Amino acid sequence: MSQASNNKLFAKGWMIAVYIFLYLPIITLVVFSFNDSKLVTVWSHASLRWYEALAKDTALIDAVLLSLKIAFLSALMSVLFGTFTAFALNRYKRFKGRTLLSSMSSMPLVMPDVIVGLSLLLMIVSAQHWLGYPQKGLLTILLGHALLGTAYANVVVTSRLREMDGKLDEAAMDLGAKPWQVFTLVTFPLLIPALVSAFLLTFTLSFDDVVLSSFLSGPGYSTMPMVIFSRARLGLNPTINAVATVTIVVVTMAVIASSFYTSHQERKRKREEAQAYSDSNK
Amino acid sequence: MAEKQSFFSSVKNSLFDGRNAVIGVPYFWFLLLAAIPLLIVLKISMSEMEGTQVSSMIDWSNGWPKLTLNFASYQFIASDSLYFKTYLSSIKYALITTLLCLAIGYPFAYFMARAPKHMQPTLLMLIMLPFWTSFLLRIYAWKTLLVSNGVINNVLMSLHIIDTPLTMMNNSFSLLLGMVYSYLPFMILPLYANLSKLDLRYLEAAADLGTSPFKAFWLITVPLSKAGIIAGSMLVFIPAVGEYVIPELLGGSSTLMIGRVLWDEFFNNLDWPMASAVAVVMILIILLPMAIYNKSQADLAEGKP
Numbered sequence: 001m002s003q004a005s006n007n008k009l010f011a012k013g014w015m016i017a018v019y020i021f022l023y024l025p026i027i028t029l030v031v032f033s034f035n036d037s038k039l040v041t042v043w044s045h046a047s048l049r050w051y052e053a054l055a056k057d058t059a060l061i062d063a064v065l066l067s068l069k070i071a072f073l074s075a076l077m078s079v080l081f082g083t084f085t086a087f088a089l090n091r092y093k094r095f096k097g098r099t100l101l102s103s104m105s106s107m108p109l110v111m112p113d114v115i116v117g118l119s120l121l122l123m124i125v126s127a128q129h130w131l132g133y134p135q136k137g138l139l140t141i142l143l144g145h146a147l148l149g150t151a152y153a154n155v156v157v158t159s160r161l162r163e164m165d166g167k168l169d170e171a172a173m174d175l176g177a178k179p180w181q182v183f184t185l186v187t188f189p190l191l192i193p194a195l196v197s198a199f200l201l202t203f204t205l206s207f208d209d210v211v212l213s214s215f216l217s218g219p220g221y222s223t224m225p226m227v228i229f230s231r232a233r234l235g236l237n238p239t240i241n242a243v244a245t246v247t248i249v250v251v252t253m254a255v256i257a258s259s260f261y262t263s264h265q266e267r268k269r270k271r272e273e274a275q276a277y278s279d280s281n282k
Numbered sequence: 283m284a285e286k287q288s289f290f291s292s293v294k295n296s297l298f299d300g301r302n303a304v305i306g307v308p309y310f311w312f313l314l315l316a317a318i319p320l321l322i323v324l325k326i327s328m329s330e331m332e333g334t335q336v337s338s339m340i341d342w343s344n345g346w347p348k349l350t351l352n353f354a355s356y357q358f359i360a361s362d363s364l365y366f367k368t369y370l371s372s373i374k375y376a377l378i379t380t381l382l383c384l385a386i387g388y389p390f391a392y393f394m395a396r397a398p399k400h401m402q403p404t405l406l407m408l409i410m411l412p413f414w415t416s417f418l419l420r421i422y423a424w425k426t427l428l429v430s431n432g433v434i435n436n437v438l439m440s441l442h443i444i445d446t447p448l449t450m451m452n453n454s455f456s457l458l459l460g461m462v463y464s465y466l467p468f469m470i471l472p473l474y475a476n477l478s479k480l481d482l483r484y485l486e487a488a489a490d491l492g493t494s495p496f497k498a499f500w501l502i503t504v505p506l507s508k509a510g511i512i513a514g515s516m517l518v519f520i521p522a523v524g525e526y527v528i529p530e531l532l533g534g535s536s537t538l539m540i541g542r543v544l545w546d547e548f549f550n551n552l553d554w555p556m557a558s559a560v561a562v563v564m565i566l567i568i569l570l571p572m573a574i575y576n577k578s579q580a581d582l583a584e585g586k587p
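Taken in order, these protein sequences are the chains called R and S.
So in this note's numbering, spot 175 of the first sequence is number 175, and the numbers just go up one at a time.
So in this note's numbering, spot 305 of the second sequence is number 587, and the numbers just go up one at a time.
Among the hints, erroneous ones may be present.
[Unchecked claim] Each pair of labels, with its calculated beta carbon distance range:
| hint | chain 1 | residue 1 | chain 2 | residue 2 | range |
| --- | --- | --- | --- | --- | --- |
| 1 | R | 6 | S | 301 | 57 to 67 Å |
| 2 | S | 360 | R | 135 | 43 to 53 Å |
| 3 | S | 310 | R | 128 | 44 to 54 Å |
| 4 | S | 313 | R | 16 | 39 to 49 Å |
[Stated by the list, open to error] Taking lysine-lysine and the DSSO-like style, the derived pairs with C-alpha atoms no more than 30 Å apart in a straight line are:
| hint | chain 1 | residue 1 | chain 2 | residue 2 |
| --- | --- | --- | --- | --- |
| 5 | R | 8 | S | 577 |
| 6 | S | 399 | R | 12 |
| 7 | R | 12 | R | 96 |
| 8 | S | 479 | S | 577 |
| 9 | S | 374 | R | 167 |
| 10 | S | 479 | R | 12 |
| 11 | R | 167 | R | 93 |
| 12 | R | 167 | S | 325 |
| 13 | S | 399 | R | 136 |
| 14 | R | 56 | R | 69 |
| 15 | R | 38 | R | 56 |
| 16 | S | 479 | R | 270 |
| 17 | S | 479 | R | 8 |
| 18 | S | 577 | R | 12 |
| 19 | S | 399 | S | 325 |
| 20 | S | 367 | S | 399 |
| 21 | R | 96 | R | 38 |
| 22 | S | 325 | S | 374 |
| 23 | R | 270 | S | 325 |
| 24 | R | 93 | S | 577 |
| 25 | S | 479 | R | 167 |
| 26 | R | 93 | S | 508 |
| 27 | S | 374 | R | 93 |
| 28 | R | 8 | R | 167 |
| 29 | S | 325 | R | 96 |
| 30 | S | 497 | S | 479 |
| 31 | R | 12 | S | 367 |
| 32 | S | 367 | S | 497 |
| 33 | R | 178 | R | 93 |
| 34 | S | 577 | R | 96 |
| 35 | R | 268 | S | 374 |
| 36 | R | 69 | R | 167 |
| 37 | S | 508 | S | 479 |
| 38 | R | 8 | S | 399 |
| 39 | S | 497 | R | 8 |
| 40 | R | 167 | R | 178 |
Everything labelled a hint here was simulated from the structure, so no lab data went into it.
What you are looking at is a predicted structure, and each value in this text was computed from that prediction instead of being measured.
Backbone N, C-alpha and C fix where the C-beta goes; we use that ideal spot for every residue, glycine too.
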C-alpha cells in the first residue's frame, strides 16, 4: 500500500472515531428509551412504557412548556440585542468605549456559567433592595438567557455583516434611499438567514441551560433542564431517556429544515443576482 | 433663547440620531447585565454576612459615609489550603481538557479541511448536530454508559473481555471524558475555520523546495493556524475552569472543582460574600486567557494572521 493511501485511511479512521465518540451517548439515550426494563443499562425488550410514563409526568411536561416559553422569548430578545451589538461594533469602527463594548459582549461567551449566574442574581437582589423589583421568576430567567443569547447572536450576525461588506448599502444610498429604507429594503432582507440561525442557536442555548436558571429562578419556576438535572443527580431514570429522544428528534428535524431553508435562500439570491446582472447587460 | 433652542435641538438630534441609538442600546444592555453585576460581585465579596443579610459597605450613621472593606472572605480563602488545592486542581483539569481537545481536534479539523469540498458542509453539520442537542442530556448519557453496571461494562463482560466491571465513574477519568466530550466542538470549529482558509500554495512551494511533508506541517501549517489554536484553546480552557454540571454529574466527590465550591458556598452555606470572593479569584485566574482570546479575535477582525 502506498504512503498516500495509508494517510487517507488514517484520516478517515480518525474522523470516524471522533464521530463515534460524539454520537455514542446520543444513540445510547435513544436506544434505551425504548427499553422495557426498569434498569436503564440492561436491555430486556422493546416497549413504549417510558413514553407512557412521560405522558403522565405532569411536573416534567410543565417544565418543558415553561422552557419552551422562556426559550422563545429569550431568543427573540437575543436576536434583537445581538443585531444591535453587531451593527454597533461593525458599522462604527471608532467610538468612545468601543473596546469596552466589544469585551463586554464577548464576556458571557467565555465566562463560566456559575459566575454569570451569581453576578446576575446579586444584581437582581440589589435592584430588589433599592427598587423592590423584579421578583425572581420568569423575567429574571429571561434576562439571564437573553444576556447569554445576545453574545452568541452577536457572533452569528457579525460574521454575516462581514461577508456583506456594505457595498449594496452604499449603492442604495447613492440611488437616494434614506437610511431606514436602506435598512428595511437592503440590509435586513440580506440578514434574514443569519437572524434565523441566531434565533435557533439562542433558542437551543436557553432550552439547554441549567446553571443560570438555577441561580435566577424563583419558587414555582422549574425549567426542564432543572428538573432533569435534579433527577440525574439522584440516579438514572428512563423517563429522562424518553424526553431526551423527543428533544433530539425535534431538534434534528429543525436543524435539517433550517439548513435546507438557508441553502434554498442562498440559491435564490444567487439566481436573482445573475438575473439582475443579465438584465442590466441587455 | 436662540441658544437654548439650539442646545435642546442638538440634544434631541443626538438622542434620536441612528448612530447613537445603535451604539447606545447594546451599551446599556451589557452595562446593566454584564458590567454592573460583576462590580456588585466585587462589592459583596468585601462585605460579610449579618444574619441572612449582607453587611452594607458604606456606613452613614455619623452623617458621613464611612467605607468599610472587609477582606475576611479573601483571608479565609488564603488560609484554608483546600481552596488553594481546588483552584489548582480546576486549572489542572481545564489544562488537560484543553490539551486533549487539541490533540483530538487538530488532526480532525485538518483532515476535515482536506476532505472533498462537496462533503465539508455535511461533515461540519455532523459536528454541530450534537452541539444542538442538550448538553445536559448528553452528559447524563455518559453516566448510563460508564457506571459499574452500565452499558460499556455490560457489553465488555458479555463478550468476556473483562470479568469484573471497570471503575470508570466518579473519578478523574469520567470527569475528563465528559469535559473533552462537551468542549471538543469548541476546539474543532475555530480550527476548521482557520485551516480551511490555509493557502495550499505555501505547502506546494515547500514540497518543490524539497521539504518533507512532516517538516512542512510543523514549519508552515501549524504557525499559520496559530490564531485558530489560540481561539480554540481559550474557548475550551476558560469555561472548563469554572465548569459545574460535568463535575457534579460525572466527577464524584473526589475530584475538586472550584465551580462546585462556588455553588455550595452559595446554595448550601448561603454565604454570599464567600461565593463572591471565590468568583473574584476565579475571574483573576481567567483574566489573562480572556485577554489573549480578545486580542486574537481583534487581530482576526483586522485580518492579521
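Right, here's what the structure says about each hint:
1. In this structure the supplied range 57 to 67 Å holds for residue 6(R) paired with residue 301(S), their Cβ-Cβ distance being about 59 Å.
2. Hint check: residue 360(S) to residue 135(R), Cβ distance near 37 Å, so the stated range 43 to 53 Å is violated.
3. As the Cβ distance of residue 310(S) to residue 128(R) is approximately 20 Å, the hint placing it in 44 to 54 Å is violated.
4. Separated by about 48 Å at the C-beta atoms, residue 313(S) and residue 16(R) satisfy the suggested range of 39 to 49 Å.
5. Of the supplied pair hints, the one linking residue 8(R) and residue 577(S) is violated, its CA atoms being roughly 36 Å apart against a limit of 30 Å.
6. Taking the CA atoms of residue 399(S) and residue 12(R), the gap is about 15 Å. The hint holds against a cut of 30 Å.
7. Between residue 12(R) and residue 96(R) the alpha-carbon distance is near 50 Å, which puts this suggested pair outside the 30 Å criterion.
8. A hinted pair counts as satisfied when its Cα atoms are at most 30 Å apart, and residue 479(S) with residue 577(S) qualifies at roughly 20 Å.
9. The suggested pairing of residue 374(S) with residue 167(R) is violated, with an alpha-carbon distance near 48 Å, which exceeds 30 Å.
10. With a C-alpha separation of about 21 Å, the suggested pairing of residue 479(S) with residue 12(R) holds against the 30 Å cut-off.
11. With a C-alpha separation of about 16 Å, the suggested pairing of residue 167(R) with residue 93(R) holds against the 30 Å cut-off.
12. Proximity of residue 167(R) to residue 325(S) is assessed by CA-CA distance (about 47 Å); at most 30 Å being required, the pair is judged violated.
13. Taking the CA atoms of residue 399(S) and residue 136(R), the gap is about 50 Å. The hint is violated against a cut of 30 Å.
14. This hinted pair checks out: residue 56(R) and residue 69(R) have alpha carbons roughly 21 Å apart, not beyond 30 Å.
15. Our distance criterion of 30 Å between C-alpha atoms is met by residue 38(R) and residue 56(R), whose separation comes to about 17 Å.
16. Using a Cα cut-off of 30 Å, the hinted pair residue 479(S) and residue 270(R) holds, with the two alpha carbons roughly 23 Å apart.
17. A threshold of 30 Å between alpha carbons decides the hint, and for residue 479(S) with residue 8(R) the separation of about 20 Å falls inside it, so the pair holds.
18. A threshold of 30 Å between alpha carbons decides the hint, and for residue 577(S) with residue 12(R) the separation of about 35 Å lies outside it, so the pair is violated.
19. For the hint pairing residue 399(S) with residue 325(S), the CA-to-CA distance comes to about 53 Å; that exceeds 30 Å, so the pair is violated.
20. For the given pair, residue 367(S) sits about 48 Å from residue 399(S) by alpha-carbon distance, which is inconsistent with the 30 Å threshold.
21. The suggested pairing of residue 96(R) with residue 38(R) is violated, with an alpha-carbon distance near 62 Å, which exceeds 30 Å.
22. Under the criterion of a C-alpha separation no larger than 30 Å, the hint pairing residue 325(S) with residue 374(S) is consistent with the structure, at around 29 Å.
23. Between residue 270(R) and residue 325(S), the direct Cα distance comes to roughly 55 Å. Violation of the 30 Å bound is thereby established for this hinted pair.
24. A distance of roughly 16 Å separates the Cα atoms of residue 93(R) and residue 577(S); the hinted pair therefore holds under the 30 Å criterion.
25. Straight-line distance between C-alpha atoms of residue 479(S) and residue 167(R) comes to about 23 Å, which keeps the hinted pair within the 30 Å bound.
26. Of the supplied pair hints, the one linking residue 93(R) and residue 508(S) holds, its CA atoms being roughly 25 Å apart against a limit of 30 Å.
27. Taking the CA atoms of residue 374(S) and residue 93(R), the gap is about 39 Å. The hint is violated against a cut of 30 Å.
28. For the suggested pair residue 8(R) and residue 167(R), the alpha carbons sit about 42 Å apart, so the restraint of at most 30 Å is broken.
29. At roughly 26 Å between alpha-carbon atoms, residue 325(S) and residue 96(R) fall within 30 Å of each other, so this suggested pair holds.
30. With a C-alpha separation of about 20 Å, the suggested pair residue 497(S) and residue 479(S) falls inside the 30 Å cut-off, and the hint holds.
31. The hinted pair formed by residue 12(R) and residue 367(S) fails the criterion: a straight-line CA distance of about 41 Å is larger than 30 Å.
32. Restraint check for residue 367(S) and residue 497(S): the C-alpha separation of about 41 Å exceeds 30 Å, so the hint is violated.
33. Under the criterion of a C-alpha separation no larger than 30 Å, the hint pairing residue 178(R) with residue 93(R) is consistent with the structure, at around 21 Å.
34. About 18 Å separates the Cα atoms of residue 577(S) and residue 96(R), which keeps this hinted pair within 30 Å; it holds.
35. Taken as a hint, the residue 268(R) and residue 374(S) pair is broken in the structure, with Cα atoms around 50 Å apart against an allowance of 30 Å.
36. Straight-line distance between C-alpha atoms of residue 69(R) and residue 167(R) comes to about 39 Å, which puts the hinted pair past the 30 Å bound.
37. The suggested pairing of residue 508(S) with residue 479(S) holds, with an alpha-carbon distance near 13 Å, which does not exceed 30 Å.
38. Restraint check: the Cα-Cα separation between residue 8(R) and residue 399(S) comes to about 15 Å, which is no more than 30 Å; the hinted pair holds.
39. About 19 Å separates the Cα atoms of residue 497(S) and residue 8(R), which keeps this hinted pair within 30 Å; it holds.
40. Using a Cα cut-off of 30 Å, the hinted pair residue 167(R) and residue 178(R) holds, with the two alpha carbons roughly 15 Å apart.
Checked against the numbered hints listed earlier, the structure breaks hints 2, 3, 5, 7, 9, 12, 13, 18, 19, 20, 21, 23, 27, 28, 31, 32, 35, 36; every other hint is satisfied.
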